[in-house]
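Asker: In order, the protein sequences belong to chains A and B. When we follow our numbering, the leftmost residue of the first sequence carries the number -19, and every step to the right adds one. When we follow our numbering, the leftmost residue of the second sequence carries the number -19, and every step to the right adds one.
Be aware that one or more of the hints could be misleading.
Since the list gives no way to pick one copy over another, a pair counts as held whenever it fits inside one copy or between any two copies.
[Stated by the list, open to error] Result set (DMTMM-like, lysine to aspartate or glutamate): computed pairs, CA atoms no more than 20 angstroms apart in a straight line:
{"#": "1", "residue 1": "Lys284", "residue 2": "Glu267"}
{"#": "2", "residue 1": "Lys195", "residue 2": "Glu127"}
{"#": "3", "residue 1": "Lys100", "residue 2": "Glu41"}
{"#": "4", "residue 1": "Lys161", "residue 2": "Glu(-13)"}
{"#": "5", "residue 1": "Lys16", "residue 2": "Asp129"}
{"#": "6", "residue 1": "Lys161", "residue 2": "Asp(-18)"}
{"#": "7", "residue 1": "Lys98", "residue 2": "Glu233"}
{"#": "8", "residue 1": "Lys266", "residue 2": "Asp23"}
{"#": "9", "residue 1": "Lys232", "residue 2": "Glu(-8)"}
{"#": "10", "residue 1": "Lys98", "residue 2": "Glu(-8)"}
{"#": "11", "residue 1": "Lys44", "residue 2": "Asp71"}
Simulated from the structure, these hints should not be mistaken for lab results.
2 protein chains.
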Amino acid sequence: MDRSEAENTLYEVALDSQLQEGYQGVRLILREVLRKSPLPIRDISRRTGIPVPAVSAARRELEKRKLLTRIGGATLSDAGLDLLNSIGICDQNIPSFHSPYAIPDLIQEQIIEFDVLKEKRPDPDHSLDQSHAISTTCFRRIMYCHENDAIEGRDIAILGDDDLTSLAIMIFSSRYGLKIKSLNVFDIDLRILDFVESISRKLGFEVNLYQIDLKEKLQESYKNSYDVIISDPPYTVAGLTRFAGVGAEMIKENVGGIAFLSYPNLRPVDNALFFRNIVNFGFSPKELIPGFNEYVGAQIHAGKSNMGRFFVSCLDINSSDLPSEGIYTSQRDL
Amino acid sequence: MDRSEAENTLYEVALDSQLQEGYQGVRLILREVLRKSPLPIRDISRRTGIPVPAVSAARRELEKRKLLTRIGGATLSDAGLDLLNSIGICDQNIPSFHSPYAIPDLIQEQIIEFDVLKEKRPDPDHSLDQSHAISTTCFRRIMYCHENDAIEGRDIAILGDDDLTSLAIMIFSSRYGLKIKSLNVFDIDLRILDFVESISRKLGFEVNLYQIDLKEKLQESYKNSYDVIISDPPYTVAGLTRFAGVGAEMIKENVGGIAFLSYPNLRPVDNALFFRNIVNFGFSPKELIPGFNEYVGAQIHAGKSNMGRFFVSCLDINSSDLPSEGIYTSQRDL
Chain A
-19 MDRSEAENTL
-9 YEVALDSQLQ
1 EGYQGVRLIL
11 REVLRKSPLP
21 IRDISRRTGI
31 PVPAVSAARR
41 ELEKRKLLTR
51 IGGATLSDAG
61 LDLLNSIGIC
71 DQNIPSFHSP
81 YAIPDLIQEQ
91 IIEFDVLKEK
101 RPDPDHSLDQ
111 SHAISTTCFR
121 RIMYCHENDA
131 IEGRDIAILG
141 DDDLTSLAIM
151 IFSSRYGLKI
161 KSLNVFDIDL
171 RILDFVESIS
181 RKLGFEVNLY
191 QIDLKEKLQE
201 SYKNSYDVII
211 SDPPYTVAGL
221 TRFAGVGAEM
231 IKENVGGIAF
241 LSYPNLRPVD
251 NALFFRNIVN
261 FGFSPKELIP
271 GFNEYVGAQI
281 HAGKSNMGRF
291 FVSCLDINSS
301 DLPSEGIYTS
311 QRDL
Chain B
-19 MDRSEAENTL
-9 YEVALDSQLQ
1 EGYQGVRLIL
11 REVLRKSPLP
21 IRDISRRTGI
31 PVPAVSAARR
41 ELEKRKLLTR
51 IGGATLSDAG
61 LDLLNSIGIC
71 DQNIPSFHSP
81 YAIPDLIQEQ
91 IIEFDVLKEK
101 RPDPDHSLDQ
111 SHAISTTCFR
121 RIMYCHENDA
131 IEGRDIAILG
141 DDDLTSLAIM
151 IFSSRYGLKI
161 KSLNVFDIDL
171 RILDFVESIS
181 RKLGFEVNLY
191 QIDLKEKLQE
201 SYKNSYDVII
211 SDPPYTVAGL
221 TRFAGVGAEM
231 IKENVGGIAF
241 LSYPNLRPVD
251 NALFFRNIVN
261 FGFSPKELIP
271 GFNEYVGAQI
281 HAGKSNMGRF
291 FVSCLDINSS
301 DLPSEGIYTS
311 QRDL
């Protein structure tokens, strides 16, 4: 197969499978299969950052063209290998090069405590895009927040706490004697607020709990009040944008603050749109870490999402300008 | 000292030292000194991401107020400790939590080869904001590019090659037998092009060399031609924006591409502005890694800069809309 034929094939596969990641996405899928096969679809999604349904559609087109076969996961056929070679992709030897942000062992006992305390937590409400981060992820987040000066002496606001980030903060800061100025949990789901309240009583930790629908206009008393925003919003551009915008309103105006936003691998256009939106709210990106968060379930995103850290300096923001429709995945036109 | 007095002090120090990072910046400086002291000013800059002259101005104000002393580096006075405690900052025990992207040992011999070959390279021309990345950084970049599917079979454009990224690519891809589609070096500085040419002859590696002033309108023949853009532009918002915009024009329109941009710790407003500009060119941020690059010298930025990886899907871009004045630091109004 010559190069232009190979490139055209990748291009056609992208078109026929309506893969938004396009030529580059198809190339990436085949490359990951070359580097490790057989590769289950969920692993392809994790390694490429392309959502599972999209990988699945592309795989179907690649199988139709006999470039991939399915033997305990995706495997390249001889034709597939030939295609990759003709666009220059051969490497199977160079070690992979990642950013693990590994949790130190000394945190393990805190994770065990967390697991015991969270045992009776409410089940995820998928209509609100809830899905639980694994325990390690909760502590990875807190260590990351602390590393970035976002725990000690801070007024912390958690927007949506189905992951029980507040509980991880309580355990972590108790263990190390960190003094938080105030810990504030905002959620629409009373079950979560009740659960956090019961745990905080057990631990003797003060938490402020607020039932709030983040789709509504933000109450004045919550504005201009917090140093740190932690959120893992619904995974639509509208949802991400909305939560970020509300977070920006909550940040203390005169000093600015820090936002930690978990967000999924969006389609390229959506990713650009999401960043365009939040930059316009005064979110200044400081670090973006692919695959930082891991979830129980969360099939579409192969159980992974990204972490973004932002410095937030307040510009003029008014939540009535923000979208309040189409926030949750289930409301989205698919 | 009570909390509000402490907070006011931080606020005043920020005002009096004209620190753009504000209250948060002063807090961060003191926190880093608490975590490790005595701390030389260059290390404070590296750990906080605030440029050296700005740290220096803030330190002067903190010394005036007897919060810091200088004993082989910045050290907290008792008053400084008291201030930090009153805003809740005490931790000196929790291990730091970083993303090292460590170079594997097996790359060492390539770095040695690189060091030998680059011995006679031209000195940095500071009027063009040249400053040399250390050898490890060059290989960290290449491993990172390869991890992200940006070497094999790619049309690669390097915009400004004073770091000799092209040489690192030649060594790395020869060592592993990677086939690059084409390696293209764009630079305004003939000395660099001549040097790269002499090395490429020595190694028997094909490189296309183009003398180009990136402040001028981009020639049609360079547009819509490359898969990968690698650049470490001049560290002004105008310079970063300009190079990114030209890079976006160079990316193949129908398939999109990948851009690797090294950029400094900008002041918060400038950082927001930089991201706003490049997002509008179709740069979709995928990963941002603080402190990825290290330089010989480069005092203002304490010898460090960040790495950004972007998916670039082409929107309508016309370089005549881009700023072409104030690109280099030396032209900037300070």
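Asker: For each hint, tell me whether it holds in the structure or not.
Answerer: Status of the hints after comparison with the structure:
no.	hint	in the structure
1	Lys284 x Glu267	both (17 angstroms within a copy, 15 angstroms between copies)
2	Lys195 x Glu127	neither (31 angstroms within a copy, 40 angstroms between copies)
3	Lys100 x Glu41	neither (44 angstroms within a copy, 52 angstroms between copies)
4	Lys161 x Glu(-13)	between (57 angstroms within a copy, 13 angstroms between copies)
5	Lys16 x Asp129	between (39 angstroms within a copy, 15 angstroms between copies)
6	Lys161 x Asp(-18)	between (64 angstroms within a copy, 13 angstroms between copies)
7	Lys98 x Glu233	neither (35 angstroms within a copy, 50 angstroms between copies)
8	Lys266 x Asp23	between (28 angstroms within a copy, 19 angstroms between copies)
9	Lys232 x Glu(-8)	between (50 angstroms within a copy, 16 angstroms between copies)
10	Lys98 x Glu(-8)	neither (48 angstroms within a copy, 43 angstroms between copies)
11	Lys44 x Asp71	neither (25 angstroms within a copy, 59 angstroms between copies)
The structure fails to meet hints 2, 3, 7, 10 and 11 from the earlier list, while all remaining hints are met.
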